[in-house]
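Spelled out, the chains give:
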Amino acid sequence: MAKRTKAAPRAAAPPHGLTREQLLEMYRFVRLTRALEEKLETLFKQGRVVGGLFRSLGQEGESVASAFALRRRDDGTGDMLSPLIRNLGSMLTIGTKPVEVVRQYMAKGDSLARGKELNIHITDFQRGFIGQISPLGDLIPVMAGVALTFKQRGEDRVAMVYIGDGATSTGAFHEGVNFAAVQKLPLVVVVEANQWAYSTPTRLQTAARAFVDKAAGYGIAGEQVDGNDMLAVYGAAKRAVDRARAGEGVTLLEVLTYRRKGHAQHDPQTYMDPAEIDRWATGNDPIDRYVAALLENGWTSADELRAIDEGVDAELEAAVDEADRSPLPEPEEALTDVHAGGPVNRPWTRLDPPDPTQA
Amino acid sequence: MAKRTKAAPRAAAPPHGLTREQLLEMYRFVRLTRALEEKLETLFKQGRVVGGLFRSLGQEGESVASAFALRRRDDGTGDMLSPLIRNLGSMLTIGTKPVEVVRQYMAKGDSLARGKELNIHITDFQRGFIGQISPLGDLIPVMAGVALTFKQRGEDRVAMVYIGDGATSTGAFHEGVNFAAVQKLPLVVVVEANQWAYSTPTRLQTAARAFVDKAAGYGIAGEQVDGNDMLAVYGAAKRAVDRARAGEGVTLLEVLTYRRKGHAQHDPQTYMDPAEIDRWATGNDPIDRYVAALLENGWTSADELRAIDEGVDAELEAAVDEADRSPLPEPEEALTDVHAGGPVNRPWTRLDPPDPTQA
Amino acid sequence: MATATLTKPEHVRLTEEGKPVTFLEAIREALWEELERDPAVFLMGEDIGVYGGAFKVTEGMLERFGALRVIDTPISEIGFTGAAAGAAHMGMRPVVEMQFIDFISCAYDMITNYVATSRYRGSGACPMVIRGPSGGFVRGGPFHSQNPEMAFFHTPGLNIVYPSTARDAKGLLKAAIRGDDPVLFFEHKWLYRRPQLREVLPAEDYVVPLGRARTHREGKDLTIVTYAAMVHKSQEAAEILEKEDGLDVEIIDLRTLLPLDEDAIVESVKRTNRLLVVHEDTRTGGIAGEIAMRVNEKAFAWLDAPVLRVAAADAPIPYSPPLEDYFLPQTEDIVKAVRYLASY
Amino acid sequence: MATATLTKPEHVRLTEEGKPVTFLEAIREALWEELERDPAVFLMGEDIGVYGGAFKVTEGMLERFGALRVIDTPISEIGFTGAAAGAAHMGMRPVVEMQFIDFISCAYDMITNYVATSRYRGSGACPMVIRGPSGGFVRGGPFHSQNPEMAFFHTPGLNIVYPSTARDAKGLLKAAIRGDDPVLFFEHKWLYRRPQLREVLPAEDYVVPLGRARTHREGKDLTIVTYAAMVHKSQEAAEILEKEDGLDVEIIDLRTLLPLDEDAIVESVKRTNRLLVVHEDTRTGGIAGEIAMRVNEKAFAWLDAPVLRVAAADAPIPYSPPLEDYFLPQTEDIVKAVRYLASY
Ligand SMILES: Cc1ncc(C[n+]2csc(CCOP(=O)(O)OP(=O)(O)O)c2C)c(N)n1
Ligand SMILES: Cc1ncc(C[n+]2csc(CCOP(=O)(O)OP(=O)(O)O)c2C)c(N)n1
Ligand SMILES: [Mg+2]
Ligand SMILES: [Mg+2]
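Top line first, the protein sequences correspond to chains A, B, C and D.
Be aware that the first sequence starts at 1, since it is given in our numbering, and climbs by one per residue.
Be aware that the second sequence starts at 1, since it is given in our numbering, and climbs by one per residue.
Be aware that the third sequence starts at 1, since it is given in our numbering, and climbs by one per residue.
Be aware that the fourth sequence starts at 1, since it is given in our numbering, and climbs by one per residue.
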């Protein structure tokens, strides 16, 4: 735990009813997110990550702040979210442990997906996260179904689902949002307008002035927010979550941000303007802005933040060591969990002696 | 041909630059549409229609008036449209012959679909119509592709596609409209808000205030019009077509109307309010309103209209007789036109003697 | 729950009153009884509420079970199929209706990529049923007559059920709803109201387990493996063959296509040594192939003749009667095929 | 047209200069040359323009052929596939890329219901190519490793191509683009840059006709029918079997799955009397079934042993190396299967 130094006396009250402890908790999550991704990038370069690696550099703030607006529990009674590849921050905030993330990227047998699925495509109903699948947009209808169940059971829980600017072009997005809107479900759809879909700029994705303009077409609430202002994102997300919990239905929350890295590690981002990236990096980094706000308002001190940073680094060191020690899955586990019954047949050539009548 | 009596001297000029001849042509098409559907209904009750029958009672006006705004040719150089089951009026207006429609419903071998496909799911690239398929929404991307070709070739042609209020909920609608919007294609999307999708009322289809509210979400032009006022529909459609031709991109045109019959002949419409149907029938029939406008403005006379009606009846009598004489397809034609090559294999049990090595 | 105590309306009390039910009525009773039995069961689909479904399968269910359990959806196969998956994760038991099974193709990605792989990915079970009217012989044309079972047959994680009798339809649908895996449940619309299929069902609650074929007709000369409408065409053929040729044909009704009851097929073939597979689906890529392969793997030495098949032609399904009749496999085709095989 | 007169950039001039090309470069050359040859040919897909495609197959094409012929689309598989169909109706020759073939499932309805049936319905030809990277062995996990060919195999009206060599890839892609029917063109990503596949291609324009298999290796003892990556695994196995067992294995590379070159299979089986089908796709519902059925229909009397298959396990494609390696068919499995069959 970070040691607490008393906040400066003239501290203004934090906005949106947030406590000082919550502000620091959010800080810890956003710092943890960036640090974990940097660790993963190192591991990737060392060839210790299996497959691709995706960074959310510049978007960690909106991920953390939006998820922070949810009711977070670990007993299956809280709100639920479904992230995208760039929502590591949301995952850590809702309760995923760094070691679980590292195990995923190392394809370990004791990872949440047991080596069967990659990335942060992981699920824990107790802690309230459901992994996405690669086909974009599919989790919008799925999370609408989760929200439908909340409504059917009269539970005051809320579902949050993230969608990229690019994925708003999918039929799944449209059908899912429309279904939720008609049923007035407790669903918050966070549209991450990070201005790129892989190499595709927003103008080739939609002719709309803004993604929030889609809300009226579904008859739902819409709000647009500066995605790199964590407190603003939290406020907007909180309003959306409160509306959902109050039975007022779906909100489309557009967070304006910028994907500073390439689509994935292999992407040299040659199609992006370095000057533009630089503007976002220097003038508009969500963590820098958050730290400035915390300090200027006297909600914390540099020492306090440094202590948190050190805690984060220590936790990540431990997480990587632990994940390293985890075993890879046993080959035969490829055959389990296909359905409720036992494992599926072994290939007959793997039997000894090979026997097609046993396949 | 209807004999022409001179219009009353004090006739106001027809709106939207329409000529008196065009007004009468539109009248003929809308009258032809209703009369043909009534004929088909009779044939259906006599068991001479194969499969189901769909009426557009109350929607004939918007079908005819919207298609009338297109550049109609029969040499493959005109505009193109794709109809729904309820756009018989659009089909007749763009150039489909009544006998072709009757042959379709009788599943004849010399019908445009040669007995392989039903309803008005028929295509003629020369006259400019492409048949829909049953999965709703699919023709939006397809017609976007047609419009894309117009743009690629620098042709000043326009594509029009119809979509029901219900089918706006499909992913295909969303992806197709968005694609066309981004590419700024010469496409007019006519949303037929007839307030029902089979038995489903609009409030269970969308939470939007109006379908035209979807336009902003795609960054395209949108207009809403009284669908039972033929002149208003023509005007709005003409504006949309002109915009498309001028390179100003897609328009979503919402036509407000009402489906007075059930979804199809088998549907007793018990879920509909008879009084409501009656209000639309007595106070708001598109043909009654159009006739009133024609007469009140002195653009035509009752005699002239009666002459047209008689011409329509005669044409339909002849069409039914002709279609009746058409043969059913030869059984083996089930095997042709699957691909560019010859017919597919005959089932081996149909060979004489049956021979699986020849299948 | 309260609803269970209310008396049932006439149209779902037939079995209770010992009256025979049609194929459709059996399915309706299964849905009704499951809705009564388990509050987690709910229905979604287009026009299934006030209208009771395009074929009236869900008639009266909205009135009894309310709008939270009988949900009229927008025209959104991706949307309501995905929503069903989300609800299934949360412990609900969604049963969704495709107005015509042909439209299941719109949800192909959601079903094969999300639903079928959920358990494997560690995203939890996805117990849900997707049902709808399928099949030809009704002049429905290319998009209201399809048999899309093979589009899903090679998707591990799915179960595919395609019954041919009222008894099986009711028992299999209940088993599908109570099971822990996603099930595609095909209802052949040509069977829905066939008087010949009317039968009195057991008064008590029963299930027919998935994955087990049924011997529809016992025989020793030749085995026909088939399912759905073709079971009845095969039965007609078997009777003709018995009368005219003195042939004793065994008919195996698969009932469940996935998982495939390989043992039942192999056992029968080892007795009759001759196998004909009959399916209404198109020839190339139809299930006959997989069955031929399994028999090769497991009973090759017992075959006295090649495994052969009777199936629809390799074309879309045409609309006009002469075309559809020619396109679809008919009783006469089965008779000819059996005669060929018997004399091989 | 103007563009044709411009000199080609280095990366599509390899064959012209007599240099060997990889599987991927062969595909790139085919696209480039078709774009130059016919102004009706154009490309659509996600990130195929400025970025040149996720695998760089379309690199440099936007710069040369412009934004009307190399179209970066929204993430809309239904949208651009349908748009391709509309353009094809009008005489264009669209070639669309699925960024990974796995996402073709999103367009399943459009492809099977609209595109495949267009000619049959009387709605005109729909000549278009849908291509994309497919297959495993790259740790891509469940959604970047799929072999979805069988999802489309039973859809009359479609053609399915799945090449295994640079030469075939280029010639078949050109034939697909020039043909009058829709073609699904699968490009195994594990082959894209394999140095072993590098070869010098004919300098002149050539096509490889669809529907014809290729004898990859001649042999007399046993026939392996396979395609795509498994052709190379089978080749490895054949060499081991020749060295260690003195077995002479014939390998037939299908190249085109639909239409299936039945004659080539039957002809070979009649010579070797033993058939093993090898596919990377999952076992149940894989193409081995259809092939076994065809051989039963046409060459049963020539079979000295059952038709057998080596295929992936009946599961989604797992991500972790030990799992993927176990899940996928390996050279060693083929060796074992051939030994079993040879000694049957
Ligand atoms: C249906 C589908 N098509 C294509 C892809 C390939 N793909 C993966 S990520 C991506 C870009 C996503 O962009 P966006 O939705 O804006 O999310 P971001 O990466 O910016 O967070 C694409 C095209 C996919 N995963 N799913
Ligand atoms: C994808 C799909 N799902 C379901 C259907 C079944 N269906 C046919 S017409 C119809 C209602 C269409 O309503 P709407 O779009 O409003 O058109 P309208 O009949 O009112 O003209 C439905 C659900 C279909 N044809 N396609
Ligand atoms: Mg983005
Ligand atoms: Mg409607």
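To be clear, the hints were calculated from the coordinates, so they are not data collected in a lab.
Quick caveat, the model's predicted, so the values are computed rather than measured.
Backbone N, C-alpha and C fix where the C-beta goes; we use that ideal spot for every residue, glycine too.
Mixed in with the good hints, there may be bad ones.
Stated by the list, open to error - Subject to a maximum C-alpha distance of 16 Å in a straight line, what follows is the list of computed EDC-like cross-link-like pairs (lysine to aspartate or glutamate):
id: 1; chain 1: C; residue 1: LYS56; chain 2: B; residue 2: ASP321
id: 2; chain 1: D; residue 1: LYS19; chain 2: D; residue 2: ASP304
id: 3; chain 1: B; residue 1: LYS39; chain 2: B; residue 2: ASP321
id: 4; chain 1: A; residue 1: LYS97; chain 2: A; residue 2: GLU276
id: 5; chain 1: B; residue 1: LYS45; chain 2: B; residue 2: ASP267
id: 6; chain 1: D; residue 1: LYS56; chain 2: A; residue 2: ASP309
As the list claims (entries may be wrong) - Examples of chain D residues lying across from chain B (beta carbon under 7 Å, computed):
id: 7; residue: PRO39
id: 8; residue: ILE78
id: 9; residue: ARG119
Now the hints, each set against the structure:
Annotation: proposed proximity of C/LYS56 to B/ASP321 is violated, straight-line Cα distance about 37 Å (limit 16 Å). The straight-line distance between the Cα atoms of D/LYS19 and D/ASP304 is roughly 45 Å, outside the 16 Å bound, and the hint therefore fails. Under the criterion of a C-alpha separation no larger than 16 Å, the hint pairing B/LYS39 with B/ASP321 is consistent with the structure, at around 12 Å. Between A/LYS97 and A/GLU276 the alpha-carbon distance is near 33 Å, which puts this suggested pair outside the 16 Å criterion.
Proposed proximity of B/LYS45 and B/ASP267 is supported: the alpha carbons are some 14 Å apart, at most 16 Å. Of the pairs offered as hints, the one joining D/LYS56 and A/ASP309 is violated, with about 40 Å between alpha carbons and a cut-off of 16 Å exceeded. With its C-beta approaching chain B no nearer than about 9 Å, D/PRO39 sits outside the 7 Å limit, and its interface hint is violated. Contact between D/ILE78 and chain B, as hinted, is supported at the beta carbon level, the nearest pair being about 5 Å apart and thus within 7 Å.
For D/ARG119, the interface hint holds, since its Cβ comes within 7 Å of a Cβ in chain B; the closest pair sits about 5 Å apart.
Checked against the numbered hints above, the structure violates hints 1, 2, 4, 6, 7; every other hint is satisfied.
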